[in-house]
Amino acid sequence: MSRYDYQPFDYTTPPELSGKTAEFYPVAIIGAGPVGLSAAIDLALHGVRSVVLDDNDVVSVGSRAICWAKRTLEIFDRLGVGERMVEKGVTWKVGRLFHRDREVYSFDLQQQAGHKMPAFINLQQYHVEQYLVERCADFPDLIDLRWKNKVTGIEQDNSTVKLHVSTPDGDYDLEAGFAVACDGARSPVRSMLGLSFEGTHFDERFLIADVEMKADFPSERWFWFEPPFHSGQSALLHKQPDNIYRIDLQLGADADAQEESRPERVVARIKAMMGDRPFELDWVSVYSFQCARLERFVHGRIVFAGDAAHVVSPFGARGGNGGIQDIDNLCWKLARIIKFQVPTDLLETYNTERVEAADENLSNSARATSFMTPKSAMEKRFQEAALKLAGNVEFARALVNSGRLSLPCSYTGAHERCEPEQSWPECARPGAPAQDAPLGDDWLLSRTGTNFCLLFFGQPIPDSKELPDGVVVLEVEASDSVRQRYLGDEALAVYLLRPDQHIAGRWTQYSMADVTRAMSAAVTENRENFDGTH
Amino acid sequence: MAHTEQLVTALNMTEHDEFYAELLRAHDGMSDEESQAFNARLILVLANHIGNSEVLKQALLAAR
Numbered sequence: 017m018s019r020y021d022y023q024p025f026d027y028t029t030p031p032e033l034s035g036k037t038a039e040f041y042p043v044a045i046i047g048a049g050p051v052g053l054s055a056a057i058d059l060a061l062h063g064v065r066s067v068v069l070d071d072n073d074v075v076s077v078g079s080r081a082i083c084w085a086k087r088t089l090e091i092f093d094r095l096g097v098g099e100r101m102v103e104k105g106v107t108w109k110v111g112r113l114f115h116r117d118r119e120v121y122s123f124d125l126q127q128q129a130g131h132k133m134p135a136f137i138n139l140q141q142y143h144v145e146q147y148l149v150e151r152c153a154d155f156p157d158l159i160d161l162r163w164k165n166k167v168t169g170i171e172q173d174n175s176t177v178k179l180h181v182s183t184p185d186g187d188y189d190l191e192a193g194f195a196v197a198c199d200g201a202r203s204p205v206r207s208m209l210g211l212s213f214e215g216t217h218f219d220e221r222f223l224i225a226d227v228e229m230k231a232d233f234p235s236e237r238w239f240w241f242e243p244p245f246h247s248g249q250s251a252l253l254h255k256q257p258d259n260i261y262r263i264d265l266q267l268g269a270d271a272d273a274q275e276e277s278r279p280e281r282v283v284a285r286i287k288a289m290m291g292d293r294p295f296e297l298d299w300v301s302v303y304s305f306q307c308a309r310l311e312r313f314v315h316g317r318i319v320f321a322g323d324a325a326h327v328v329s330p331f332g333a334r335g336g337n338g339g340i341q342d343i344d345n346l347c348w349k350l351a352r353i354i355k356f357q358v359p360t361d362l363l364e365t366y367n368t369e370r371v372e373a374a375d376e377n378l379s380n381s382a383r384a385t386s387f388m389t390p391k392s393a394m395e396k397r398f399q400e401a402a403l404k405l406a407g408n409v410e411f412a413r414a415l416v417n418s419g420r421l422s423l424p425c426s427y428t429g430a431h432e433r434c435e436p437e438q439s440w441p442e443c444a445r446p447g448a449p450a451q452d453a454p455l456g457d458d459w460l461l462s463r464t465g466t467n468f469c470l471l472f473f474g475q476p477i478p479d480s481k482e483l484p485d486g487v488v489v490l491e492v493e494a495s496d497s498v499r500q501r502y503l504g505d506e507a508l509a510v511y512l513l514r515p516d517q518h519i520a521g522r523w524t525q526y527s528m529a530d531v532t533r534a535m536s537a538a539v540t541e542n543r544e545n546f547d548g549t550h
Numbered sequence: 327m328a329h330t331e332q333l334v335t336a337l338n339m340t341e342h343d344e345f346y347a348e349l350l351r352a353h354d355g356m357s358d359e360e361s362q363a364f365n366a367r368l369i370l371v372l373a374n375h376i377g378n379s380e381v382l383k384q385a386l387l388a389a390r
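Residue numbers (the numbering used here), protein chains in the order written: chain L, 17 to 550; chain D, 327 to 390.
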């Protein structure tokens, strides 16, 4: 039995079925998982109303996505739930890699201080969803969360999306300006539109088990190739809150999913790993996976995000993190279209940028999978070679691939390129997400607001009539982390951040003309440097 | 833009006959499987020494 106490959310008869006037919603969000709920909150922070339709009435069954990366935590923090998640979650930054019975190497993901958020936390998806649902309640006029409202039909014209919805009280139609499909890997909306979902399916089966046990293992990611306690290729151990440990065991391509899910069978495998330590099974799943994506994430006024748009292998934690980063990219654009009548072409930049990000995640996850599941004697030989060398020579550690952990995409269609002769830090190139840094007794990324934001380094903030309307302005004092992350060898800098905190331009001297040009480039799909497919 | 580095295809080894003999000797007493594993490790060690990804791509083609 699960340790988590699942409390169903209340279904209420929607206004359309209780004789009230049907409302028009600027945005309808399909699916109340981490991605859909984040979208509702992000839109609300931009003052945009949405309705969230979910076919179920509980949070995620099973811990599912557990690893949340720094960039995602920064987004959750912007949404107002980051601190709560970090407080509850298990913070970790060290990973250890074992081959058979010896440790080959360890890594530390966050060696630099000066970030509000840690490199990673582990937090069960049900907790993440619960916190997001509770945060939605802070916006009663902007978020209408409807449980047991299953979308069964969708159509659109050039101004409206019409949804057909089934509830315990019957069916109704709902009209929205846009629909965001966050309805997961098996996305019904994707099927309703008849969109193909192309990619590679991997035959390899994995056992995932959450066990509750008292143990004093450190908060680290432990990964084994050819573990002594398990006949399969690999094993992973990860600590979650509430004394729950995530165990992932590779079973091979021939494993029988039903047989392997039997509790006796699972318990025996875990005993082999944990010895005589008492434990209780909390959740078990046997899975295989695919790496696939939609060709396009934007279909007229219907936009796909998260697993509905792209699925990856779990190694690297790029599924859940990639989905939240989709929302970060999408919502400020939707808000601009809805509130300021910016042309809907702006959504094309969501398509371009998040397809690029998805491809990065897909290629990282496919490479990890192919290292972990050698398909031939030759592939096995190279895996062995890398593992054996990794214990003796440093370079080979980099070849060992147990998952390349989620990092945010730096969009290559950067809007304004910096002058090449300047020695700017690479991590702050246009397109990259802004790095956090201490700012007074607060943090840089906590202060950027919901609009474009200008950061002034080594120079005062200009007079307000010299600034574009509505931009947030911050003067940042040079500290070691600021120099390293923003200045390099320069003494002066001006950075322009988009509402999603990705860098839209950087200059040594402020000029209103430069900034205005970069702001308009950031909301225009005009990417001559980017050769992504359309 | 720096010019692309080229794979050296002219003779570049100082003691080529000696290297060839040592390469064979390194495999002495190994089973086929051990030899293949040794070769795989050797490829990775040499590839890291070369480093440059353009040169490595050309090497992958040259060896076909």
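Since the hints were derived computationally from the structure, they do not count as laboratory data.
All C-beta atoms in this analysis are idealised placements derived from N, C-alpha and C, irrespective of residue type, glycine included.
Mixed in with the good hints there might be a few duds.
Claimed, not checked - If you anchor each label on the Cβ, the simulated ranges turn out as follows:
| id | chain 1 | residue 1 | chain 2 | residue 2 | range |
| --- | --- | --- | --- | --- | --- |
| 1 | L | 27 | D | 383 | 54 to 64 Å |
| 2 | D | 335 | L | 393 | 39 to 49 Å |
| 3 | D | 346 | L | 121 | 51 to 61 Å |
| 4 | D | 379 | L | 494 | 48 to 58 Å |
| 5 | L | 311 | D | 371 | 10 to 20 Å |
| 6 | D | 345 | L | 390 | 22 to 32 Å |
| 7 | L | 99 | D | 371 | 26 to 36 Å |
| 8 | L | 390 | D | 372 | 29 to 39 Å |
| 9 | D | 371 | L | 118 | 16 to 26 Å |
Okay, the hints, checked on the actual structure:
no.	hint	result
1	L:27 / D:383: 54 to 64 Å	58 Å, holds
2	D:335 / L:393: 39 to 49 Å	30 Å, violated
3	D:346 / L:121: 51 to 61 Å	34 Å, violated
4	D:379 / L:494: 48 to 58 Å	36 Å, violated
5	L:311 / D:371: 10 to 20 Å	41 Å, violated
6	D:345 / L:390: 22 to 32 Å	30 Å, holds
7	L:99 / D:371: 26 to 36 Å	47 Å, violated
8	L:390 / D:372: 29 to 39 Å	21 Å, violated
9	D:371 / L:118: 16 to 26 Å	20 Å, holds
The structure does not agree with the numbered hints 2, 3, 4, 5, 7 and 8 stated previously, though it agrees with the rest.
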